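Same order as they appear, the protein sequences are chains V and W. Quick note on numbering: my numbering labels position 262 of the first sequence as 311, and the sequence is numbered without any gaps. Quick note on numbering: my numbering labels position 126 of the second sequence as 1135, and the sequence is numbered without any gaps.
Hints listed in this document are in silico derivations from the structure and should not be mistaken for laboratory results. Only a predicted model underlies this, so the values are computations on that prediction, with no experimental measurement involved. Some hints here could point you the wrong way.
[As the list claims (entries may be wrong)] DSSO-like, lysine-lysine: derived pairs with alpha carbons at most 27 Å apart:
{"id": "1", "chain 1": "W", "residue 1": "Lys1069", "chain 2": "W", "residue 2": "Lys1105"}
{"id": "2", "chain 1": "W", "residue 1": "Lys1105", "chain 2": "V", "residue 2": "Lys133"}
{"id": "3", "chain 1": "V", "residue 1": "Lys257", "chain 2": "W", "residue 2": "Lys1105"}
{"id": "4", "chain 1": "W", "residue 1": "Lys1239", "chain 2": "V", "residue 2": "Lys257"}
{"id": "5", "chain 1": "V", "residue 1": "Lys87", "chain 2": "W", "residue 2": "Lys1069"}
Below are the chains, spelled out letter by letter.
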Amino acid sequence: MADLRVNIAGVEFKNPIIPASGAYGFGREYECLYPLSKLGGISCKGTTLNGQNGNPAPRVAETPSGMLNSVGLQNAGIDHFIEKELPYLEKQDIVVIANVAGHTVEDCVEIARRLENTSTHMIELNISCPNVKQGGAAFGTSCQAAEEITKAVRKATTKPLMVKLSPNVTSITDIAKAVESAGADAVSLINTLLGMRIDINTRRPILKNNVGGLSGPAVFPVAVRMVWQVANSVNIPVVGMGGVSTYKDAVEMMLAGASAIQIGAAIFADPFTPVKVIDGMNEFLDNNNIEKVTDIIGKVQPW
Amino acid sequence: MEYVQGEYRVVSKKNLAKNVFDFTIDAKNIADLALAGQFVHIKVDGFMLRRPISICEVDKENGTIRFVFEIRGEGTEKLSQVNKGDNLDVMGPLGKGFTILPEDKKAVVVGGGIGVPPMVEVAKNYGENATAIIGFRSANAVILDEDFKNMGANLMLCTDDGTMGRKGFVTEALKERLEQGKVDIIQACGPHMMLKGVVALANEYGVPCEVSLEERMGCGVGACLVCACKTVKDGKEYLSHVCKDGPVFKAEDVIL
Ligand SMILES: Cc1cc2nc3c(=O)[nH]c(=O)nc-3n(C[C@H](O)[C@H](O)[C@H](O)COP(=O)(O)OP(=O)(O)OC[C@H]3O[C@@H](n4cnc5c(N)ncnc54)[C@H](O)[C@@H]3O)c2cc1C
Ligand SMILES: Cc1cc2nc3c(=O)[nH]c(=O)nc-3n(C[C@H](O)[C@H](O)[C@H](O)COP(=O)(O)O)c2cc1C
Ligand code: FES
């Protein structure tokens, strides 16, 4: 049994596998298959200050080796998260990451304040949602806006702060450096890539929102590249995600520089994916006589 | 909420009509939990997302689940190529099913086209007290009529073009049945326009009504929130999710 523990910004995870925000709700839907305590952590569904309905359905479209979603951050608001979801998660022996999104800087600051005296272990500030009209990705596509919002939230919380980056930018390393200088303790990437599908018979986009975020195996090589670039340009931990569906993908992304891995869309194809990835990773490390999973982080040997 | 996921053997495969297939899988742990109107989420080789398909029949004794589907696109086409003896990766049973009243109640089940399959398991419960109103485009699309007959249900078969049964829509047959006498519940699955018509009649005659809805799905269990549909409570609109809060809803709770 290899040592799978990782430490991100002072928070210890028993293993590096975390269901990604939006793909796993608050974990309740999977408790009948396996205990949540098997997982390293959970990144909860993105939460805004007051809750919102999101976009009209259809909100999902299949793509070659992937999917588009246009949920648009449907959630019941931060107070609901604190009162109704957190008490359940507290009992699960798992690192709880609150995923925070806001339409304004002030919203995000207020959410961080309300989380301050809760049992949440970590805040993941989502500045990269492609599915909301105001805020969301707008914060994540300019260095200045990314820096500003990170600074403001940094001041409002003593919890470890991870900022989730958008791949829909010219230079993700510049954004990563900007949030690092503004006080982020870690970065997570990638959020979804903006995409579109059209029904050739009706000439209508499949998604009612016309466009949506691409995720799943289709985005994996893009995600590996971005994790590698970012890991090489900042000194804070990088949590990698985007298309991971097997332990091999997870090992590959950690070699590229990720200190932990989040898994989203692959869970829809197989709800046991996170558990299989943990088991497979453990076996891989044992077979290769690697004692600690941390020994593979960033160990790609570039040409 | 309780469901399972696993690989299950296909023990029977039939071709019911052009492009319509009838599968039975050996899935004791799904059958133990399954209720009429729930669905299974099926993995198809080569596709990212699972396909939601209603449970047509549950055989608790033999531990099998039957489902019937039509080829509508690439995924269902690939699924139709699975053979007897092959294994299928299935999650289920998922969602909320139809309310099952005591068997002496008079139930009318209404199904349109590929919405007919889930109504089989519902009607089974009421035997001779069930009226099954099922509608199809044409005689060559008719499926499952024998199943309703065999369980003793009063069958009203409709085709749009009159090539089999009565000519016309299921709503006309439903109106006729409602005129004939007491109905305790109407339960329906089918195209959107059909459901609208059924709900309008249920309201007109003051009969409780349930409808099964469709929406594109991701997780199938309520975690990803992609399958939203509009519902009302105390006059206020809010979002529900077809996979977890449905697919069966009380007619008065949904905005069709
Ligand atoms: C609760 C529920 C029960 C269902 N029961 C049955 C049944 O018993 N028999 C049957 O034949 N069909 C049923 N359907 C519809 C069936 O799921 C679709 O026909 C099927 O998913 C189409 O897949 P495809 O790959 O052939 O089509 P494609 O158009 O290639 O599929 C692309 C994507 O869109 C989704 N999709 C396309 N049409 C639908 C649809 N109508 N509803 C939901 N998702 C769709 C697919 O799942 C896939 O993710 C049901 C749908 C739901 C939601
Ligand atoms: C249905 C769905 C909903 C999502 N919702 C959120 C969200 O609320 N907040 C967020 O930061 N990311 C959200 N994401 C993005 C994922 O967390 C993840 O960054 C992305 O899907 C890439 O990982 P994957 O390829 O493993 O899915 C969502 C993704 C999906 C598929
Ligand atoms: S399909 Fe994921 S919530 Fe319904």
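Evaluation of the provided hints:
1. With a C-alpha separation of about 18 Å, the suggested pair Lys1069/W and Lys1105/W falls inside the 27 Å cut-off, and the hint holds.
2. Simply put, Lys1105/W and Lys133/V have alpha-carbon atoms about 22 Å apart, close enough for the 27 Å limit, and the pair holds.
3. For the hint pairing Lys257/V with Lys1105/W, the CA-to-CA distance comes to about 25 Å; that is within 27 Å, so the pair holds.
4. Among the hinted pairs, Lys1239/W with Lys257/V is consistent with the structure: their alpha-carbon atoms are about 14 Å apart, no more than 27 Å.
5. The hinted pair formed by Lys87/V and Lys1069/W fails the criterion: a straight-line CA distance of about 32 Å is larger than 27 Å.
The structure is inconsistent with hint 5 alone, although it conforms to all the rest.
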